[in-house]
Amino acid sequence: MNRILAVAGKEFLHILRDRRSLAVALLMPLTMVLLYGAVIDMELRDLRVGVLDLDGGDRSRELLRAMTSSGFIVEAERLDGRDAIEAGFRQGRLQAALVVPRGYGEDLARGGARVQILVDGADASTAATVANYLQAVVALVNRGLLRDAGLAAPFDARTRVWFNPELVSARFVVPGLVALVLMMICALLTSIAITREKEAGTLEQILTTPVTPAQVIVGKVLPYVALGALDCAMVLLAGKWVFGVPMAGSWWLLAAYCLLFIVIALALGLLISARSPSLRVAMMAALMVTMLPTMILSGFVFPIASMPGPLQVVCRLLPATHFLVVLRGIMLKGQSWFPLQTAALVVMAAVLLTLAIRSFRLRLE
Amino acid sequence: MNAADGMSGAAIRVEGLRKSYGERTAVRGLDLAVASGRICGLIGPDGAGKTTTMRIICGLLRPDAGVARVLGRDSAREPRAVREHLGYMPQRFSLYPDLTVAENLRFFADLFGVPASERVRREAELMEFSRLGPFRKRRAGQLSGGMKQKLALSCTLIHTPEVLVLDEPTTGVDPVSRREFWRILRELAGRGLALLVSTPYMDEAGLCDEVVLMHEGRAIARGTPDEVAAAFPRRLLEVRGAGLPAALAILTASPRRGVKVHRYGDRLHVVHDDAAQTAEVARLLAGAGVELHPVAPGIEDAFVELMTAPAGGEATP
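One line per chain: the protein sequences are H and E, in this order.
Following the numbering used here, the numbering of the first sequence begins with 1 at its first residue and continues without gaps.
Following the numbering used here, the numbering of the second sequence begins with 1 at its first residue and continues without gaps.
Note that these hints are calculated values from the structure, not bench results.
Mixed in with the good hints, there may be bad ones.
Unchecked claim - Below 20 Å or equal to it, Euclidean Cα-Cα: the simulated DMTMM-like pairs (lysine to aspartate or glutamate) are:
id: 1; chain 1: E; residue 1: K148; chain 2: E; residue 2: E118
id: 2; chain 1: E; residue 1: K148; chain 2: H; residue 2: E204
id: 3; chain 1: E; residue 1: K148; chain 2: H; residue 2: E199
Extracted from the complex, chain H is given alone in its bound form (with noise of 0.2 Å):
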C-alpha cells in the first residue's frame, strides 16, 4: 500500500509539474461544454428564406403572410427571378426558397395547389432541419386554409417531447460529454503517461525495486481516476449551472455507473500503452481507440439509428455507447434500471481489463 502511494503521490507531482497538460485537463472539458452546449444546437434562430411569388395574387400574399408570422423563418426577402434562388444559395445568403407558382390563386381554389421548396443541401445537417420546418410550416398553413373553409383535417398528428421539452441540444450533448472527458483523461492520459515511462526506461528502473508491475499499474492509475472524476464533476456542474441540463435521477448511481466507466477507460489505456512502441503510437493510438469512436460512434452527437447496419454493429461495441444511453436515462428520465447496458458495460470492463494485465505482463518479461 506504501508503495502504491509512493508511485501515485510521484505521478501526482508529474501531473503539477507539467502546467501545460494540466491547464489542458482542466480547462478542457469546461470549454468542450460551453462550446458544445451553445454550438451543437439542433435549432435554427437564424433561418433565412427567399420567397419568389409568381402569383402575386391575395392568395399566395396571404400565404406568405402566414409563414412569416409563424415565427420559424426569422427573414424572408424576395426574390424577383429563379436565378436570385441560385445566386443567393451561391453567395450563402440564403439557406431555403420557397417558389409560389403562377396560377396557385386559381389551384387553390380548385384544390390542389402546389409550392415548392427549395433547399441548400451543401450543409446536409442544417439543409434536413431546414426542410423539416419548411414543411412544418406547410401544414400549418395548410390547417388554417381547412379551417377558414370550415372544414377539418381528417385526422391530426400532435408531437409533444418528453424529458426535454425544448429539445435544448446541452440536455442533450452534457452526458456525452462527460463519457469524452472520461476517455480523455482516463484512457488517453494514463496511456500516455505508461508510454513515456516505459520510453524513458524508468519502469525499467523502478521494476528493479521491490515493487510489484501491478503495484506501479494501481498507483499510476490513481490520480488519473482522480483527475477524471473531478473533470466529470465539472462538467456535469456547468451542465447544471449553464445550461440547466436537469438531474431527474440519482447522484450516486450516476457516480457509480461513471466509475465503471472510468475502468473501462483506464484498462483500455493500459492495453494501448502495453501495445505501443513509442509515445507516437500510443497517442494516436489512443485517439482513435478511444476518442474518436466515442466522439462520433457512440450516438454523442450522430444518431445511430441513422447509420448504416454494419456501423451499428460497431456502435452496439463500443462502452460509450451503452454509457450513454445509462446517463441521459439517469440524468433526463431518472431512470434507475438498465440491465442490458450494465451487462454490456460489465463485460467490456472485465474483458478489457483481464487483456490490459496479460499484455502488461507479457511484455514485462
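Following the hints, position chain E against chain H.
For chain E alone, coordinates are given in the frame of chain H:
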C-alpha cells in the same frame, strides 16, 4: 589464477547462463562470480551480452538455462528478495527529469520501503557522499551528465544494498566526472559491496579488481587486468605522428603474414611476432613521418586480439 576459483561465498554467482531472443542468442553459457568488496568489470563491445547478463542477475529477465544467484538467492525464482539487497543502474539515465534530486531519492526510498527515520539519515549520507547536497532542490533534468549519474547511483544505494550492478554507468560522461565516479565506486567496494560494472572503455577496465572480457555472449578472457593484458602473447609496436594516415596506407598496401594493424584514434598498434617483423615494419615506415615505439600490450590489445582470433575456447591465463 582463475578468478572464479575459491569464491564459494561470492555475492554474485552466475553459472552456465544462456539467453536467446528468438533467433538471436545474447548469452551462450556464461560463468561469473563477484565477491564482496570487489569490483568486477564486464568488458565488451555492444551486443556482447553484457546488458542481458545484468538484467538476468537483477531478475528482470529469465534465463533460458543456467542460474544467477545474488547472496545465494536465485534471481529468477525470488526476484523481489534479491532486489531488497541489490542496486541496479540501467544503461540509460532513468530517473524523473521533472522531479528534484530530493524527490527522486525520496521516491526510490519509498519503493524500497526504507523507513522514514532511516531515510533521512541515509539521504544526508548519500548527499554528502555524492556531493549533490547543494543541488537537492534542483530538477534532475537540469543536472549535468556526471551529476545525473551520481544521482542515479545514489538512488540505487538508498536502501543500503550489498550488491551493485551498474550497466555502463559512465557512458557519455566527461572524463573528470568519470574519474570522480570511479573514486566513489572504489569507496563503495571498500565498504564491502560487491560491484559488477560493465563498460566499453578499456581504460576503465584497469580500474577493476578483475575483468571478464565478453564477446558474442561468451567470456573470452578473465582475470585481473594485468593478468589479462599479460596473456597477450605477441609483440606490439606503437605508431604515432603526423604521418599516421600515410603509415596506415603503407601498411595496408603491403600486408605481411601475421602482422595486424589496429587504429586507436591518434595512434596505430602494429601487432606482430618477432624481431624480424619489427625491423620490417620500421623499414616500411621509414620516412612516413611517424615515430615507432615498442609498447607493453594493454587490455584493449588483448581484447582486440582475442576478438579477431578464430573462434575457440576461453583463453584463461
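Structure-based check of all given hints:
| no. | hint | verdict |
| --- | --- | --- |
| 1 | E:K148 - E:E118 | violated (23 Å) |
| 2 | E:K148 - H:E204 | holds (17 Å) |
| 3 | E:K148 - H:E199 | holds (18 Å) |
In summary, the structure is inconsistent with hint 1 from the numbered list given earlier, while agreeing with all the others.
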